[in-house]
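Peer 1: Chain B: place on chain A using the hints.
Here's the letter readout for the chains.
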Amino acid sequence: MMARRTKKPSPINEANIRYVDYKDERFLSRFISDNGKILPARLSGVDARHQRQLAAAIKKARYLALLPYTRGQQG
Amino acid sequence: MTRQYETVYIFDSALDDQVIAEKLTKFHAMLNPEGEVTLDHWGRRQLAYKIGRRDAGYYVVARFACDPALLPEFERALKLDDAVVRYLVSIHEHELGAPPMTEEQLAAARAAAEEDEEDDE
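Note that the protein sequences, when read in sequence, are chains A and B. Mapping to our numbering: the first sequence position 45 is 47, numbers consecutive. Mapping to our numbering: the second sequence position 115 is 122, numbers consecutive.
In case anyone wonders, no lab produced these hints; they're calculated from the structure. C-beta atoms are modelled at their ideal positions from N, C-alpha and C, and glycine is treated no differently.
Example chain B residues on the side facing chain A (calculated, C-beta under 8 Å, incomplete): (1) 15; (2) 17; (3) 54; (4) 55; (5) 58; (6) 64; (7) 68.
If we strip away everything but chain A, and leave its shape as in the complex, we get:
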């Protein structure tokens, strides 16, 4: 059986980041969709450990109004 897709290298390991910082909203914004949703790891290629850290960091950043909960909607 042929593999349907090859595994992407994790962008977080590539950026050489050990700890996902909830205050770095420019970095986190690479992992949210146009609507503000957290991108699934299958799209972003993030490994499971960092995906968990990312999810927590994005949620903290949202609470602090660094990232939107939603975007691209009226009102």
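Peer 2: For chain B alone, kept in the frame of chain A given last:
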């Protein structure tokens, strides 16, 4: 026993810088912090969404070590203070994988991130 904490405050952006500095000193005095409180003033910035009627806030990041038993009282004071729009207290310890992010490190990380983005295009 003390632990390392990091607190992000969002103050009302209409307040004077001096008033904010005074409030911070007052809050941190409650904690009896061990060693110094490192303050990082981000200043006024746009909120990603409106909080009530506000669309901007004055951000301050503080790092300190203190006794966890003092935190509930500290958080209560923050909650009751109208000048504080929002706050987040979190543990900031190296064994949990949180290195201190200096301005240079952040700048370097950003530069690296930008290079990445360019590569993608």
